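Asks: Sequence:
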Amino acid sequence: MLLQLYRSVVVRLPQAIRVKSTPLRLCIQACSTNDSLEPQHPSLTFSDDNSRTRRWKVMGTLLGLGVVLVYHEHRCRASQESPRMYSKEDVRSHNNPKTGVWVTLGSEVFDVTKFVDLHPGGPLKLMLAAGGPLEPFWALYAVHNQPHVRELLAEYKIGELNPEDSMSPSMEASDPYADDPIRHPALRINSQRPFNAEPPPELLTEGYITPNPIFFTRNHLPVPNLDPHTYRLHVVGAPGGQSLSLSLDDLHKFPKHEVTVTLQCAGNRRSEMSKVKEVKGLEWRTGAISTARWAGARLCDVLAQAGHRLCDSEAHVCFEGLDSDPTGTAYGASIPLARAMDPEAEVLLAYEMNGQPLPRDHGFPVRVVVPGVVGARHVKWLGRVSVESEESYSHWQRRDYKGFSPSVDWDTVNFDLAPSIQELPIQSAITQPQDGAIVESGEVTIKGYAWSGGGRAVIRVDVSVDGGLTWQEAELEGEEQCPRKAWAWRIWQLKAQVPAEQKELNIICKAVDDSYNVQPDTVAPIWNLRGVLSNAWHRVHVQVVP
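In UniProt numbering, the protein residues as written are 1 to 546.
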């Protein structure tokens, strides 16, 4: 067989391959018809083992050269033909294995259907880009932007994007959301206007710090587009003190403080409550939580400069954002003054997120970061700070983000009777494998996150693969946590053995914090009409194949 391949490829090489010279000179004399370059076929009579080995090496080299040249001729011919043109809608419609999986890079279109299962990072990662551009994902994973990866991708090219299709559609000037920023395509959108989205679970625990582009986004109103040069933060002074009007440069003059903090929406995992009984709110899955390294001025330093001090009577620091609805009503929230003035609480007026200026979706140019407290109090696009005798009168402080008994419905609810959510309860969730996945018997890797509010450290995550009959302790990863200042989550992982005869796994996780708070086992007893504080054991059901 090898000799036949040798005769068909090597002996006829000059006649079969005639490639013109290129600027890169890749098709030089090898394709010449000059008789002086006719190959002299090596004798196939082998006198000894060494000569046989040498001749087989020569044959292998020539075969390899033949394949390379044939492939190059194919590429040269293809490059001379007019590429087929596709619209972005054509690409978007090819977003699953049934329709085919297409992606774009620059103006080029690729059909990577046959490569999905071969992707080194796993099929799920590549499917995140299905029907869209690769650039946002390559920005997250820079290792892809290498010559050998581009060469591999070139094999799957099927055409080009229509240049006319690259033009952005015009936006209505009256649309309050027309100026919203561009978002990363990996985000799973829960609402478009206002924009609310979460990262997919397979990306959420890829690292301890969540990259800015896929940090979960919770907006209540259109995103303001603020000029950092004219921005001013107004801080109402204490009686006898002086009110402040601070520019971004003024805030930079305060001592810079950095802290790693996990933000979680009160509605994280609300979709699980919806399965028990209908609730009102966005259908968040497990991704309304993310972690970043924040930097800015400590709120206690700014309040002190405005003359504020701790007082014996109850007081609240009220925040007002620069995002507003058509009536001019701005988003607002408040936290107790005692927390705001405590240097150990590390409350920030943040202007950096993971070493960069805040993205617009996350509060540029300044937002509040309140470690250990529900995300609703981390007011973005901060415009005004004041100290009041009562908590904020904002709708989102007084008429939302409160928990109730499962017996309370919309006919009997009284928001005045329930305290506003501040610190959140212990929480954990599984991010890998996902519900409905198929895993192989042998060893399965289970990953997830765990976090508790109020600075309480996660001390343990228990995992069961048999529906809670037996438990194993997961390994905790990430930064070590200080007592009472455990502001960030712990990523956890467990490698569990799966017997060959096992047909399915019912995976459960539950976390314990340093106050020995533990998650409730089911959702029904903690159900509430707003679907907040959803922290029951997280459950994932997967199929097992040999």
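Simulated from the structure, these hints should not be mistaken for lab results. There could be a bad hint or two in this list.
[As the list claims (entries may be wrong)] Within a straight-line C-alpha distance of at most 20 Å, the following computed PhoX-like cross-link-like pairs (lysine-lysine) qualify:
(1) Lys256 with Lys114
(2) Lys277 with Lys125
(3) Lys280 with Lys402
(4) Lys114 with Lys98
(5) Lys114 with Lys157
(6) Lys98 with Lys125
(7) Lys495 with Lys485
(8) Lys402 with Lys485
(9) Lys125 with Lys114
(10) Lys88 with Lys157
In this text, all values refer to a predicted model and were calculated from it rather than measured experimentally.
Asks: For each hint, tell me whether it holds in the structure or not.
Replies: Each hint tested on the structure:
For a cut-off of 20 Å, the pair hint linking Lys256 to Lys114 is broken: about 51 Å separates their Cα positions. Note on Lys277 and Lys125: the hinted pairing is violated, with a Cα-Cα distance of about 33 Å set against a maximum of 20 Å. Taking the CA atoms of Lys280 and Lys402, the gap is about 13 Å. The hint holds against a cut of 20 Å. At roughly 12 Å between alpha-carbon atoms, Lys114 and Lys98 fall within 20 Å of each other, so this suggested pair holds.
Between Lys114 and Lys157, the direct Cα distance comes to roughly 12 Å. Compliance with the 20 Å bound is thereby established for this hinted pair. For the proposed pair Lys98 and Lys125, the alpha carbon gap of about 18 Å is at most 20 Å, so the pair holds. With a C-alpha separation of about 29 Å, the suggested pair Lys495 and Lys485 falls outside the 20 Å cut-off, and the hint is violated. Distance restraint check for Lys402 and Lys485: the Cα-Cα separation of roughly 24 Å exceeds the 20 Å cut-off, and the hinted pair is therefore not satisfied.
Using a Cα cut-off of 20 Å, the hinted pair Lys125 and Lys114 holds, with the two alpha carbons roughly 15 Å apart. Of the supplied pair hints, the one linking Lys88 and Lys157 holds, its CA atoms being roughly 15 Å apart against a limit of 20 Å.
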